[in-house]
Amino acid sequence: AQSVSQHNHHVILSEAASLELGCNYSYGGTVNLFWYVQYPGQHLQLLLKYFSGDPLVKGIKGFEAEFIKSKFSFNLRKPSVQWSDTAEYFCAVNGDSNYQLIWGAGTKLIIKP
Amino acid sequence: DVKVTQSSRYLVKRTGEKVFLECVQDMDHENMFWYRQDPGLGLRLIYFSYDVKMKEKGDIPEGYSVSREKKERFSLILESASTNQTSMYLCASSLRGDLLNTEAFFGQGTRLTVV
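Taken in sequence, the protein lines are chains A and B. Counting from 4, one number per residue, gives the positions in the first sequence under our numbering. Counting from 45, one number per residue, gives the positions in the second sequence under our numbering.
Hints listed in this document are in silico derivations from the structure and should not be mistaken for laboratory results. Just to be clear, a hint being listed does not mean it is correct.
What the hints assert, rightly or not - Calculated cross-link-like contacts (lysine-lysine; reagent style DSBU-like; alpha-carbon spacing at most 35 Å):
(1) A:LYS61 to B:LYS115
(2) B:LYS47 to A:LYS115
(3) B:LYS114 to B:LYS57
(4) A:LYS72 to B:LYS47
(5) A:LYS52 to B:LYS101
(6) B:LYS99 to A:LYS111
(7) A:LYS72 to A:LYS115
(8) A:LYS111 to B:LYS62
(9) B:LYS62 to A:LYS52
(10) B:LYS115 to A:LYS52
(11) A:LYS64 to B:LYS57
(12) B:LYS99 to A:LYS52
(13) B:LYS97 to B:LYS62
(14) B:LYS47 to B:LYS62
(15) B:LYS99 to A:LYS81
(16) B:LYS62 to B:LYS99
(17) A:LYS64 to B:LYS47
(18) B:LYS101 to A:LYS72
(19) B:LYS101 to B:LYS47
(20) B:LYS47 to A:LYS61
(21) B:LYS57 to B:LYS115
(22) A:LYS115 to A:LYS64
(23) A:LYS111 to B:LYS47
(24) A:LYS72 to B:LYS99
(25) A:LYS74 to A:LYS111
(26) A:LYS52 to A:LYS115
(27) A:LYS52 to A:LYS64
(28) B:LYS114 to B:LYS101
(29) A:LYS64 to A:LYS81
(30) B:LYS62 to B:LYS101
(31) B:LYS99 to B:LYS47
(32) A:LYS74 to B:LYS101
(33) B:LYS114 to B:LYS62
(34) A:LYS111 to B:LYS101
(35) A:LYS61 to B:LYS101
(36) A:LYS52 to B:LYS47
Let's have the full structure, built from the sequences with the hints guiding it.
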């Protein structure tokens, strides 16, 4: 069965620090990969996605993620975080289904002003 | 802009009550989903539907049922609410088709408390 692992449940950073959130998945075939974000009091929304092509994917608000197939990873990065990046971040994978995404447990990111 | 609307943001129900959570989407999406979100567990799929009157069990369907009589509306039913069903419930929709269309759009969530 497919699974997604997010290594850190809570991350606390100061403004301007660099961010990397880990995501590993277990599935041997072709995958579609997603990062979603949930800002406080708001609905989950798509941050970025990878389907094929360039493994370095750029999303909204300066975020990017790199798909490393050999490591089964899709880590999220941002060079300089802002207080407004405080949110919960979810990694999700679709491998063999036209419908279902498999979700990680989420990482709560707190940015100290 | 895709809109997924859940009927309630907060609900408080008593143990044993029958509870209905409603979700409506306005983008003519074929797929609709109900998840529950619990701290440290991420999103767990309860049920999904890929067409009117069609439904499939997700990972945790026990204690729940669903109804999809119209394409835009997907209802989650707790037949007899229990305290372990206290959670945040999220509705989502997506286009059907090839794998490129599996991006999901979410509602605001319903925080259900069963007392």
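Q | Violated hints, by number in ascending order, as checked against the structure | A | 9, 11 and 15
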